[in-house]
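Each chain is listed here by its residues.
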Amino acid sequence: MCGQMNIHEYQGKQLFKMQGLPVQQGVHCKTIQEALDAYDSLGSEIVAVKSQIHAGGRGKGILYKPNTEDLVMEGGVKIAFNRDEVEKYTTSILGNKLVTKQTGPNGKIVKNIYIEAGCSIAHEYYLAILVDREMKMPLIMASTEGGMDIEEVAENTPEAIHKVHVDLSEGLLDSQITQLCNSLDLNETSTESFSKMIQGLFSLFVEKDCSMIEINPLVRTKNNDMVLLDAKVGFDENALFRHQDILEMRDLSEEEPTEVKAKDTGLSYVKLEGNIGCLVNGAGLAMATMDVIKLYGGEPANFLDVGGGANEEQVKTAFSIILDDPAVKGILVNIFGGIMRCDIIARGVIGATQALDLDVPLVVRLVGTNFEEGRKILSESNLNIHTAETLAEGAQKIVSLVRGGK
Amino acid sequence: MSIWIKEDSKILVQGITGKQGTFHATKMAEYGTHVVGGVTPGKGGMNLDLGAYEVPIWNTMKEAITNSSADASVIYVPPRFAANAIIEAADAFYEVRGEGVIVCITEGIPTLDMIKASAHVANIEGVRLIGPNCPGIITPGKNGGCKIGIMPGHIHSKGRIGIVSKSGTLTYEAVAQTMSIDEGQTTCVGIGGDPVNGTGFIDCLSAFENDSDTVAVVMIGEIGGTAEEEAAEWVSKNMTKPVVGFVAGMTAPPGKRMGHAGAIISGGKGTAKEKVSAMESAGISCANDPSEIGKVLLKALENAGLR
Numbered sequence: 038m039c040g041q042m043n044i045h046e047y048q049g050k051q052l053f054k055m056q057g058l059p060v061q062q063g064v065h066c067k068t069i070q071e072a073l074d075a076y077d078s079l080g081s082e083i084v085a086v087k088s089q090i091h092a093g094g095r096g097k098g099i100l101y102k103p104n105t106e107d108l109v110m111e112g113g114v115k116i117a118f119n120r121d122e123v124e125k126y127t128t129s130i131l132g133n134k135l136v137t138k139q140t141g142p143n144g145k146i147v148k149n150i151y152i153e154a155g156c157s158i159a160h161e162y163y164l165a166i167l168v169d170r171e172m173k174m175p176l177i178m179a180s181t182e183g184g185m186d187i188e189e190v191a192e193n194t195p196e197a198i199h200k201v202h203v204d205l206s207e208g209l210l211d212s213q214i215t216q217l218c219n220s221l222d223l224n225e226t227s228t229e230s231f232s233k234m235i236q237g238l239f240s241l242f243v244e245k246d247c248s249m250i251e252i253n254p255l256v257r258t259k260n261n262d263m264v265l266l267d268a269k270v271g272f273d274e275n276a277l278f279r280h281q282d283i284l285e286m287r288d289l290s291e292e293e294p295t296e297v298k299a300k301d302t303g304l305s306y307v308k309l310e311g312n313i314g315c316l317v318n319g320a321g322l323a324m325a326t327m328d329v330i331k332l333y334g335g336e337p338a339n340f341l342d343v344g345g346g347a348n349e350e351q352v353k354t355a356f357s358i359i360l361d362d363p364a365v366k367g368i369l370v371n372i373f374g375g376i377m378r379c380d381i382i383a384r385g386v387i388g389a390t391q392a393l394d395l396d397v398p399l400v401v402r403l404v405g406t407n408f409e410e411g412r413k414i415l416s417e418s419n420l421n422i423h424t425a426e427t428l429a430e431g432a433q434k435i436v437s438l439v440r441g442g443k
Numbered sequence: 037m038s039i040w041i042k043e044d045s046k047i048l049v050q051g052i053t054g055k056q057g058t059f060h061a062t063k064m065a066e067y068g069t070h071v072v073g074g075v076t077p078g079k080g081g082m083n084l085d086l087g088a089y090e091v092p093i094w095n096t097m098k099e100a101i102t103n104s105s106a107d108a109s110v111i112y113v114p115p116r117f118a119a120n121a122i123i124e125a126a127d128a129f130y131e132v133r134g135e136g137v138i139v140c141i142t143e144g145i146p147t148l149d150m151i152k153a154s155a156h157v158a159n160i161e162g163v164r165l166i167g168p169n170c171p172g173i174i175t176p177g178k179n180g181g182c183k184i185g186i187m188p189g190h191i192h193s194k195g196r197i198g199i200v201s202k203s204g205t206l207t208y209e210a211v212a213q214t215m216s217i218d219e220g221q222t223t224c225v226g227i228g229g230d231p232v233n234g235t236g237f238i239d240c241l242s243a244f245e246n247d248s249d250t251v252a253v254v255m256i257g258e259i260g261g262t263a264e265e266e267a268a269e270w271v272s273k274n275m276t277k278p279v280v281g282f283v284a285g286m287t288a289p290p291g292k293r294m295g296h297a298g299a300i301i302s303g304g305k306g307t308a309k310e311k312v313s314a315m316e317s318a319g320i321s322c323a324n325d326p327s328e329i330g331k332v333l334l335k336a337l338e339n340a341g342l343r
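In the order they appear, the protein sequences are chains A and B. Going letter by letter, the first sequence gives residues 38 to 443 in the working numbering. Going letter by letter, the second sequence gives residues 37 to 343 in the working numbering.
A few of these clues could be false.
[As the list claims (entries may be wrong)] Chain A stretches covered by chain B per the calculated footprint, using a threshold of three residues with CB under 8 Å from any CB of chain B:
| id | stretch |
| --- | --- |
| 1 | 170-177 |
| 2 | 242-251 |
| 3 | 309-323 |
| 4 | 330-338 |
| 5 | 351-362 |
| 6 | 367-375 |
| 7 | 397-406 |
[What the hints assert, rightly or not] Residues of chain A placed beyond 10 Å of chain B at every Cβ, according to the derived structure:
| id | residue |
| --- | --- |
| 8 | Lys125 |
| 9 | Asn275 |
| 10 | Thr427 |
| 11 | Leu428 |
Since the hints were made in silico from the structure, they are not lab data. All residues carry an ideal CB built from backbone N, CA and C; glycine is no exception.
Given these sequences and hints, build the entire structure.
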């Protein structure tokens, strides 16, 4: 249940606008006609045509036809100099698959587009607000090296990223704003524009329980005004109960359907590329289980944490989620029973095996509370369930069973 | 000895009348923990049956500490109220006793709430916060002991190994590993996997270093943040006792979150590989597989002439 809820750039900019922050005029579109109408209404000759997906690196991404994998266009963000170009780019983007550094090889189908008025750029900066877990404070990061891959900047020239930690009991101080302006080498006009902007942005971060705001690029126009040309905004899922307006912005179609199903049942699931499904209690142990599968030559198909107090029903749902992935050729269950009793897990495993007609090998390792009873239930079931005493043994067994093609 | 919590420490339960609170208070009492009462606003004056014995309930932490002289409290209140429960406990311990340990089990507290709560506690000398989103802390005794949290008590045994971990069930795994080589534990601390928490690795390592009964420490980390790297550096400069470790998340793909909000790899920082290499170069032997922590610990004990 821990995590971040992401929104689209156009939604982020709506929030910025409501906060009085400087953004360009723009229109969210779902069809080519809407995009053309948007172009006509914006009154700007040059516009940006921007793919809206929940992943970064869109500018350098590549668009493919979803079925044939044919290359359609390079770049998921395009500058259009006239109406025809808007039509051309929108046609190339909508309904096609955008693959970026952050989407993984499968990419994401683009269903939304943002048409935004162009602006005259004098310089591009990088700006982000996030939580520094070591300092236990919000952290503002700014750099003159905007518009490019900030991870490369962080690695090659870390001194080019300026950091300011904000004490929440004091708020963002004027001296800290001055420090940021100086480090970005801003002139008087842009300093004024930046100061007002950063105060508003930081208030938004706190008021809406953001976990991250990233602006790349933040631009200085030729008139020395600062404009937020990008908006990557993520929210703390644990705080959504007090932000109904943000919750309404959630776009479930951008999320992995099985991950959504898991979340709804109180399970934490992440799909991976391998073929050995894992069902584990506890996030740390679940990661360790994946690690050990890999250590013995296998590839985990997923991360799945059933949490501390799972019941029979949740175990059943967990199995069905794992088996929704056609790549799964075997399952390893690894439970260290604390609050969770091993006999309950054993019954859940048997119930799920029967209900789902499990036809892939299954290895179960049960330790902790009531483990003897749990193992007894499994062995008396007469089902084809292999048991293991340690994680290493469990991992070795499932890897060899999957290899054996049983 | 042990760290922070003694076998006979007196414990209050915040949120004791909730489902989780009652269940775990009962389990704690069953293990032998001195549960001296609970706090639920509006239910003060009532008694609650914990099976082993009955305990009184108070409306506020201040009343509860004044009347029970509790040493520590454990929080099972829902996420949206948990940060305030931490702040209330910290103020009350400071006012009444000048010291106290607060263990927050609650999972899912908003990060900004925790930033405020942890800053509040950090400013109060003598008051310590463990967690949130953690299994708690346990000091096993000869007969039972002091269990503050949700860990299965029966897997522990009094001994000479200290354990500190970010993860819940992996802590149990580490406990089982010490038992597999016939070693028990002085104290086991789950510091929690949330982005913002109270007590960290270094606090625990330093306390174990100063504890005369602890001879070696098992440290369990996971991807995200740089706490393990900082702890490794601290160990290389300050720790005389052997430390062994394990880091979960070697195979976690970058950018994907794995249950704990803290376990997010950002900008290539905080990967399991980096953590293990920082720990190894600080002299912390790391197991590749949690089933081998026992073996690695045994070797470290032998090398130190402790076995």
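Now for the hints, and whether the structure bears them out:
As drawn, the stretch 170-177 of chain A meets chain B at 5 residues by the rule of a beta-carbon pair under 8 Å; at three or more, the given contact holds. As drawn, the stretch 242-251 of chain A meets chain B at 3 residues by the rule of a beta-carbon pair under 8 Å; at three or more, the given contact holds. Residue count for the stretch 309-323 of chain A with a Cβ under 8 Å from a Cβ of chain B: 8. That meets the three needed, and the coverage hint holds. Residue count for the stretch 330-338 of chain A with a Cβ under 8 Å from a Cβ of chain B: 4. That meets the three needed, and the coverage hint holds.
Note: the stretch 351-362 of chain A has 0 residues with beta-carbon separation from chain B under 8 Å; the three-residue rule is not met and the coverage is violated. Note: the stretch 367-375 of chain A has 3 residues with beta-carbon separation from chain B under 8 Å; the three-residue rule is met and the coverage holds. Counting residues of the stretch 397-406 of chain A whose beta carbon lies closer than 8 Å to any beta carbon of chain B gives 3, which reaches the threshold of three, so the coverage claim holds. The Cβ of Lys125 of chain A sits about 32 Å from the closest Cβ of chain B, beyond the 10 Å cut-off, so the non-interface label holds.
Residue-level check failed: Asn275 of chain A sits 5 Å from the nearest beta carbon of chain B, not beyond 10 Å. The beta carbon of Thr427 of chain A is not kept farther than 10 Å from every beta carbon of chain B, the shortest such distance being approximately 4 Å. With a least CB separation of 5 Å from chain B, Leu428 of chain A falls inside the 10 Å interface cut-off, contrary to its annotation.
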